[in-house]
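S.K.: Listed below are the residues making up each chain.
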Amino acid sequence: MENILNWIIWFPIIGMVAIAFIPRDKENVIKITAAVATGLQFLLTLVLWQNYDAGNGSMQFMVRAEWIPSFNISYILGVDGLSLPMAILTALLCFIGVFVSWNIDKAVKGYFALFLLLDTGIMGVFLSMDFFLFYIFWEVMLLPMYFLIGIWGGPQREYAAIKFFLYTLFGSVLMLVGILGLYFTCGKTFDILELMRVAPEALNGVMWWGMSAIKVIWILLFIGFAIKVPVFPFHTWLPLAHVEAPTAISVLLAGILLKLGVYGILRINYGLMPDGVYWFSGALAALGLINVIWGGLCALAQTDLKKLVAYSSVNHMGYSLIGMAAIVAAGEANGMNLKAAQAGLGGAVFQMFNHGTISAMLFILVGVIYDRAHHRDIEGFGGLAAQMPIYTGITALAFFAGLGLPGFSGFISEAMCFIGAFPVYRGIVIASTIGILLNAAYFLWAFQRIFFGELNEKYTDLPEINRLELFTVVPLLVITLFFGIYPAPYLDIIASTMDEIIHHVVSLATFAGM
Amino acid sequence: MENIFINYSLFILFLPLAAFVIQIFFGKRLPRQGDWVSVGAIIITLILSIAMFVAMLMGKDPNFKQEASFTWLDMGAFSIQLGFLVDNITVIMLLVVALISTCTHIFSLKYLEGDIRYSRYFAYLGLFTFSMNGIVLSNNLISMYMSWELVGVSSYLLIGHWFEKDSAANAAKKAFLTNRVGDIGFFIGIMLIYTAIGSFVFGDIFEGVSTGMISGTTLTLAGVGLFLGAMGKSSQFPLHIWLPDAMEGPTPVSALMHAATMVAAGVYLTIRIFPLLTPDALLIVAYVGGFTALFASTIAITQNDIKKVLAYSTVSQLGYMILAVGTGVYTAAFFHLVTHAMFKANLFYGSGSVIHSMHHALHEKHDHESDPQDMRNMGGFKDKMPITYWSMLVSTLAIAGVPLFSGFLSKDAILAGSLSFAQHHPEHFLLPVFGFGAAAITAFYMFRMMFMTFHGKPQMPELINDIHESPKEMTGPLVLLGTLSIAIWYILPHFNPISTHGSWFTSLVQPVTAVVPGNLTAHSIEEGAHHAHNLAMGISIGVAAFGIGLAFLMYLKKVLSAERWGNRAGFMYDWSLNKYYFDENYDKYLYQPTLRLANKIAWIDWELYDKYFINGFGRVTNWASSVAGKFDYNIIDQILVDGLGRITDNLGNILKKIQTGKLQNYLLYVTAGVIILMIIQSF
Amino acid sequence: MQELNTYLFVAAILFSLGVFGVMTRRNGIAILMGVELILNAANINFVAFSRFGGMNLDGHIFALLVIVLAAAEAAVALAIIINIYNNLNTINVDEASALKE
Amino acid sequence: MTNLQSLSFYYPELILIGVILAAIIYDLTIHQSKSGNVGWVLVAGLIAVAGAIYFQEQRVTTLFTDSIVLDPFASFFKLIVILATIFVSIVSLQSGELKDYRKGEYFTLLGIIVFGLFLMVSTVDLIMVYISIEIVSIMSFVLAGYLKQNTRSNEAGLKYVVYGAFSSGIMLFGLSYIYGLTGSTNYFLIQQAIATMDASANTALFMAMIMVLAGFGYKISSVPFHFWTPDVYEGAPTTITAYLSIAPKAGAFAMMIRFFNQVLADGGAMGGLDASSVASLPWANIMSLLAVITMTLGNVVALQQNNIKRMLAYSSIAHAGYMLLAMPVMSGDSIYAIMIYLVMYLFMNLGAFFVVITVKNKTGGETFDDYKGLGWEMPLIGVVMTIFMVSLTGLPPSAGFVGKFYIFASLIKGGNQFYWLVVVGGINSVISLYYYFRVVKVMFLEGERKDTILQPPTVMACMLLATAIPTVILGIYWTPVADWIQNSLTFFIQTL
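Protein chains in written order, with this note's numbering: chain G, 1 to 514; chain Y, 1 to 683; chain F, 1 to 101; chain A, 1 to 496.
Please keep in mind that the hints were generated in silico from the structure rather than gathered at the bench. Possibly wrong hints are sitting among the right ones.
Here are the simulated EDC-like pairs of lysine to aspartate or glutamate, each with C-alpha atoms no more than 16 angstroms apart in a straight line [said to hold, decoys possible]:
no., chain 1, residue 1, chain 2, residue 2
1, G, K26, A, D451
2, Y, K28, Y, E113
3, A, K450, G, D25
Since we're looking at a predicted model, the values are computed, not measured.
Could you put together the complete structure from these sequences and hints?
M.R.: In structure tokens:
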């Protein structure tokens, strides 16, 4: 049990090694191996959930080991309410992803090997509590992603792959500078928990180039994370990458990789620079607003279904940002409105999870129709509801979930984000409620154009969604509905950790040296 | 005994949901596509509602109230309680919903017989009933908002039932989006209230308001926000545009949702939140309602589609109710809600049965051009379908406000309320004018409809022989609701046909004083209404008579030519006929601009920002692109498209030229380098 | 001091000439001679410094070693130039410019 | 220490000389077809030398009357050089380019270069500086032009020799002035002289230093003294290119570190202290400037290359720039960073060149087109090349990242004035991604996927793995290396 985190992270690697030794023409064996590896990993995360003590919001199942003593780098793993749901989500989506990519026929061996490597990378980021380790895993994701998009992607795949790579690398280089800055200003340690303790005082009044070090480091790290989220000016890699990537990879991209950004901001920026939170939260909310409106409008204009879903991610992550900004509500300056802070932060974290499941669902469904019609042009369909009712029904549910309909988890998290941020950023929140309308507009309009009207005679023999595909979608749908009707289980996991974060930020912010 | 209300409510709430689930998953496989499941479920619901109703009557307690809540989610400080609130209003509303819903189910058995998505249809009806009851029962804003949206969805699904028709699909989308506009207001209202009071439960909210935790402009805004939601659902001006289009749905659906219950949800909400509405908010409410009432009725005059007439009449009647709430007599509003539910649903069933037989007749004739809903194709059906005729006539008399019929009583109460309000505040004399004007016009167009449909000589004689009375699944509800449109039911236990004073309704549903300081007390409103009662009654009878008479002369006796009057009215006639060009203008000034904006933004995002800014620092220099042309589609090239890359690349291009391959150039460079360094260093 | 300056002056001129020759002559041999000039300019410096600068003998040693190395260098260079001549039938260094950009 | 005493501490070099002589003699006795065996002789000898160095009593002293020193720092670089030489020698036996040449001299010359480098890394005397540079250079000239029949090789040789002679000439001229200004050729005496020198002489000193810098710059191929690099690298036999990109660079860096810390600074950095410059020379700024220009130019021009060998040449220029970044910090950490960077760079860069050799043996091509779809045809090549490219780009987890990490770390620790260098370095590594991954792209994303899988010859495969595996492992766990370098950070110094 004390090594469970190790197992969770490294299990896919074991699978990868195994696959490396399987002759490449035994494709089914390879697929099954991948399925087993990810499946077991998923089970392990469930075990973890079972044994997780929700009442205690701090790190649990910590694993510590010397790594590079000469640089005070160590191998630290841990899980708390913030990372546990993300870990479960990662494992689940990777498991599902294996089946989504069951029909891959090109270089199966390489595909699944890289897929598992990616899995480990993502899981590692969520579970590592050492900043250096965090960075390593963060970068480990890039390479498999590059290949998975670049080799198995769509027509523009090479461009998309390298663009994704460059964007992210640019971000992580800045991040590295920030990390080193923290290392040397905060007593030469990468231990995140240690840093959380030390950094707030250590950074006080430190000036770089006439700016407070807090601001500089915050910006450096924030850009690194913002590119992943993606926050408005750094988002243009996303539609391309999503559109070109194979379905399973789009699922992981939207489902998990985007969460890494938010996770990073909450874990690192919030944890290490409480003052920065106060300094930046307004901007955060504003960026959230821009994401919501910009993404919504862009989605409204798309004719490529996958691009629409991609932009909807930009839009949905905006809610998360707005919710995160709400944390300052708990501060002295804003009347110590703990309710709002909890609502906002909880909403943001919940929204991460929900968007993970919902957008994954959407991408899988897009993949389903693409496999059949071999195009994604919204205008090019029409009347499919009569042809493939089950698919229509599921898509309808997915779309409704996407437009934040009560009864689906998305509604709760969005509502919480709004309610939380409202006391502090009234104007921004009111403006961003237009996003609710935009969501409905682009989803329903797309839905109408694809499924309603007379059946397009080209598609009179379009096959209905098959069992395998159902197997990939339905679990996500169930989760979405379950948490939409009864969110308590999720919020119970995160609640105490959220309190810790809020308390940490609010109590350690000293407004000096800003 | 105490908790039976709550337990019953639980069943009432979840039975339809169960039916919905069963239908969705197994509907197709069940015998008769499982319609009996839904019908059974709804009938049980009806029985339970009646039971509760009776219990309430027995109780005779005007302040009866039961609440039950549970914690839905809890993060420590932030938590949400969901729960039931059962009082007299709730019980009556539940009965109405259950009753109309049952009628609709039964009516639909025949009306949608053989429809391709028969089971789906019943499933959605179940979903609707569930969410409607959700609205009725909830004791807090969150669950109300959730049910609110679910109602919107079920209406989306039912309007779009025949989605092969683009018009239906569009109408469905329009309905949902228009409602969402209202919902945004609703949600902002919720946030304003929660931020101030920290709870979503009505009880806490009213308490908070009375203790002044929220007041003044904020409170007004909150009230208006919530009312915006009501405007969306109850299709008040200017969000009324969706309701007429919603008639694309099957007629029973129109009866259930777009006449009796769903659209009434807005009114219900306004009644629920009445105590926290500030005078300003109330004024806004009143004006919106009053204006809608008049405005919609003027459109109804000229419509020829029988369902469109009813649709606009619905909008106008809802305006009445809103007006009533605005003027403080929200009991009257609720009263009208109930009566209107009965007769308007009935009218829709009637039109449904007419359309049904028209449809069949046309089908016989293989005529697919003529529109079965166009009154200009009807006429003289009176003898062919007597039951339909008589029941519709009763309802028409009711809605026209003729004494002895339910509509008279409720309308009268409303008009009295507005009149007394005007007496209190003479500057708001317009409100009663709206009311009475609308009353006159209503009487006119309703009878116009009746005459055009049932009297006179058939406009399409070749059809008349194929017009038959509808089967009893359809006539049954007609008769039932027709009966319920007679005044007698509402004045019990007394028999004073012109006043509800002392009736079970007024004794059970009594106005409560608004918690907002500065509002008129319930008592003074009551007094005023009572004093204005007789005057109002006189005027309303007068205007009703005038309207009916005009219709009689114009469409039955034909002594006045509708055409000539229409031409005389000139542009007003066109405006009315074209619904004041609202859809056109919204399309022109709202939807299209938004889409254009969206496209522009997307273009900026993709073509401009990405290609030129992110990819394009180097784009500014045109010669860069020629450089890019040198390499074919390889990474460099893509990087070239990629901006920073472009600069770097040009740089590289220049720099690599230095590497001439000529040895002595190199030597020269070295020397130059040394010298330059020396120069630099000596600074 | 006077003598030292004179020597340094001469060395400087020699150096410049060497650089000039290396830059301008196209003939490989000539370029090598330019290099030799440079080296010898340095040598003159060393010797002059150690003789007139009132310093130890390192300068002389240095100069001697430089001469040796210069010889070795020249030998190798000539070998390579001969090789070039065998392949390209020219010792014009501009001809040898296949490797570029 | 007197010369005779010194010999007892000099036996690794003596063994080396013995090995070289043995190689020459052995080469005389055998037929051309067998001349490859000389390589094995050299390898065996070098292993012996390495052993000698490793087990040599760790003594910190000067030898031969203060002309060279013996200290762990030198030993470290000697081992690096030997490692590189062994790798290259073994691969040279496989190289197709050298097939029809007699290899005896080739290996002998390699051995002599090693000897020159030994001097280079341990010199504390201007004379020895010049001699060592010349020994290494002259042998390199020959090796660069080793392919007699190949005009490109000849041209490379010619350019190299003229360029080398010229810039070492300039350096020599500079040295002569330093000697004149300070009256000595010994680092320590020069240092004292400079410390006590009056400011009027500074300008002259500047000039002299710049001229010396020309010599160093030419060895580590830093802008603006790098012009020979691309051409020579492209023309020379690939094995030699690989060798030039590692060993002489390492030696030159060792020499520079000593020179700048011991002559221009008080050597405190080498004592692990914060160093301070003895003369008011702004050479730190000059260094930063050179570093930035060097890596930027290397990267942006590498973008333009279609010949992978040439691209690697520019990339090696860029890497020289990265290492130079740490020079101006003038602290123990910066030296440490340069050393660790060299170790990492050794594996990844050699590996990359080995891949080029393998591919050239197979297809005879060096351009990107020759690499189309290679990843599918020769998976091993594809994978290891990807590893090297990732590492050269500096992505974790790979040796390259660790190297960059330490360089950046030393800069950040160095203080505010160096942050901009870190940012520039970071941006540069992003740029470098373009061309490194262009290789990966053509290997995997382009060309048709073949069903027949080719394996490189066994020895080659072993060498590839021998470079690839450390590239990965050191990226994940480099504590042994770190400790080794930590222990090697002892210098012979005389602080004022």
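S.K.: Next, verify each hint and record whether it holds.
M.R.: Hints, verified against the model:
1. K26(G) with D451(A): 14 angstroms, holds
2. K28(Y) with E113(Y): Holds, at roughly 14 angstroms.
3. K450(A) with D25(G): The hint holds at about 13 angstroms.
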